[in-house]
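**Q** Now for the letters of each chain:
2 protein chains.
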Amino acid sequence: MTELTGPVQVIGAGLVGTSIALALSRSGVKCVLTDDNPDNLRTAAGLGAGRPATADDRPQVVVVAVPPDHLGAVIRGALEATAAYGAVVTDVGSVKTGPLAEVSDAPGVERYVGGHPMAGSERSGPLAASAALFDGRPWAVTPHEAAGPAAVDLVEDLVRRCGAVPVRLSPVEHDAAVARTSHVPHLLASLAAGRLAGAPGAHLTLSGQGVRDVTRVAAGDPVLYGQIVSANADQVLALLTEVRDRLDDVIAAVGDRDRPALEALLAEGVAGTRAIPGKHGGPARPTTSIFVSIPDSPGALARLFADAEASGVNIEDLRIDHDPGRATGLLELLVDEERAEHLLTSLEAKEWVTHR
Amino acid sequence: MTELTGPVQVIGAGLVGTSIALALSRSGVKCVLTDDNPDNLRTAAGLGAGRPATADDRPQVVVVAVPPDHLGAVIRGALEATAAYGAVVTDVGSVKTGPLAEVSDAPGVERYVGGHPMAGSERSGPLAASAALFDGRPWAVTPHEAAGPAAVDLVEDLVRRCGAVPVRLSPVEHDAAVARTSHVPHLLASLAAGRLAGAPGAHLTLSGQGVRDVTRVAAGDPVLYGQIVSANADQVLALLTEVRDRLDDVIAAVGDRDRPALEALLAEGVAGTRAIPGKHGGPARPTTSIFVSIPDSPGALARLFADAEASGVNIEDLRIDHDPGRATGLLELLVDEERAEHLLTSLEAKEWVTHR
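Chains as they are written, first to last, in this note's numbering: chain A, 1 to 356; chain B, 1 to 356.
Just to be clear, a hint being listed does not mean it is correct.
[Stated by the list, open to error] Now the in silico label distances, taken between C-beta atoms and shown as ranges:
1) 248/A with 42/B: 43 to 53 Å
2) 234/A with 271/B: 24 to 34 Å
3) 234/A with 245/B: 16 to 26 Å
4) 48/A with 241/B: 52 to 62 Å
5) 172/A with 198/B: 11 to 21 Å
6) 223/A with 201/B: 28 to 38 Å
7) 341/B with 337/A: 38 to 48 Å
8) 69/A with 172/B: 45 to 55 Å
9) 342/A with 37/B: 21 to 31 Å
10) 84/B with 248/A: 46 to 56 Å
11) 348/B with 259/A: 52 to 62 Å
For the record, the hints were derived by calculation from the structure and aren't laboratory data.
All residues carry an ideal CB built from backbone N, CA and C; glycine is no exception.
Chain A extracted, bound-state conformation (with noise of 0.2 Å):
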């Protein structure tokens, strides 16, 4: 019971549940739909993601896609259906502990084994699916103590089969991860951005890659950011009280001039920064910008990477810096600190404005 073979059901035809039954589909897996909106499954129906779930379906996985205040009740529900030949119910919330407390008492809860694959979108419903949402993103895997192995193998093989990459915590160790990871630079974001809003607009001509970077986040919608910060409201609040002591501290050091301790705050920002796992999952290896001005055109950014690919030197990242003020733009390219040197002269030598 271990490999996947199929029939998968998934619960709730929206962005996630949709790209599930498209990944699957793609690498053969055989789906079948529910959604109480009969739009959302035909649509996702037409895409190719599976036809409408019947009554004389037999799952041998339930995948549970729906709004976080629904998913104990569905998962519940999933568990309960199934009995009979004893299907693996997966759910894809992005907390975990509090469905998993709702379902805790349920018949077959050894069944029962929480995912949530860190892939999402700006926008939602089937349309927006894809069957390349998940190709390598980490999708963690959350199995709580009563968990059957074979249903926690059989989870980590769909998670692979939607070419994700399964990642094993407790479901406590995960909501504690996503509060620290994503929740709470989530809600700092917008503290930074709240700023902004009704500031004189001569001053924030002034904004920089620097707000645009740290406030990005806080442009997602209000309702749905409210619950899923809602759902993990422990672990999102033992951190911000964390938060709330730093944040008196810096006030603190600022009030005081303390240089010293200001610098030492600073330095922790530092530390979090390299503590975050480098591209591909390995250790950061250093690395260099450098800086191309580009005219905001179509073609040059083609031209600009047709020359550096003729360097043979990788991009490992790029971000285009925006100019108020005039068409050019500042491309800037992070590439391998020891082969930074060689691309510059390549571009240089095709007149590229360049400088690091």
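Following the hints, put chain B in place on chain A, whose structure we already have.
**A** Positioned in the frame of chain A, the structure of chain B alone reads:
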């Protein structure tokens, strides 16, 4: 006297000072250089930034580009040294009211007009300098009340000759603006990043693009940012107090499970992200993200941009999403909402794996 004809004396041949001299030299304005460090002076001169200044030079403008702690004394010295022929003196410090307070009783202070180019680099020193550093960037020009109008015009002309866009603000307004758009976002990013230091490695595996963006600026040098924040202590404290009040509101809303209050706080953040001026200073045009899977090798980006060019759709912004665990990347392209469908179709026709 309102047109810049030169020569310009730059005091402090570090990254910013040398870049100013290179940019002015590029536009045909002669520069002379002063620095306590003979190595810096030799390097800057060798790059073509100008020759070392002598006692016989009579600069039209003196640009003071020394570390924050020395600005007041050096500006005062420059006003005194050029009193006989009335040179205009400007500086490039990132905080404006402090140095002004130090020179406001100096003879000739009407010849001083503060400035602050919104450009820099993670590197420092003359070797990192570039004539293109200021191209298209905002450069705050911050005249005090006693500043002569001709002196202000001349500094704005210098800013334009460096390729930058002058933004006129009073010194107090400037410091309030950078507290809001730079110093406080930096401190909040640092607080978010500080929570990652020492977290279990498995938890950090769930880090996505969001937390990377929020915390990126927190990687900056703690000593430098400690200086900058300290120099703007009053403005920073006023905003940090506001942030603490709002953080208390967030903690109360999460603790009380008060969804509407939490949503209102998050909505304030959304409004803030919309207040940041769009690219090229204009109002933000509606854009849509599309995502393309790319193999992580030289050549893939060049091919992709060549194909995007062929579609005729302009790329407004882009970023590479980091995928742990496998050697593919996900490229996010921001394009005009109305052109997204066309670009998707064009890329899919060339067999790129795309989704929205």
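**Q** All hints, please: hold or fail.
**A** How the hints compare with the structure:
1. 248/A with 42/B: 43 to 53 Å: With Cβ atoms ~48 Å apart, the hint holds.
2. 234/A with 271/B: 24 to 34 Å: For residue 234/A and residue 271/B the Cβ distance comes to about 29 Å; the hint holds.
3. 234/A with 245/B: 16 to 26 Å: holds (23 Å)
4. 48/A with 241/B: 52 to 62 Å: This hint holds: roughly 55 Å between Cβ atoms.
5. 172/A with 198/B: 11 to 21 Å: Given about 18 Å between the Cβ atoms, the range holds.
6. 223/A with 201/B: 28 to 38 Å: holds (33 Å)
7. 341/B with 337/A: 38 to 48 Å: The hinted range 38 to 48 Å holds for residue 341/B and residue 337/A, with Cβ atoms some 40 Å apart.
8. 69/A with 172/B: 45 to 55 Å: For residue 69/A and residue 172/B the Cβ distance comes to about 48 Å; the hint holds.
9. 342/A with 37/B: 21 to 31 Å: 29 Å Cβ-Cβ, so the 21 to 31 Å window holds.
10. 84/B with 248/A: 46 to 56 Å: holds (53 Å)
11. 348/B with 259/A: 52 to 62 Å: holds (56 Å)
Consistency note: the structure conflicts with none of the earlier hints.
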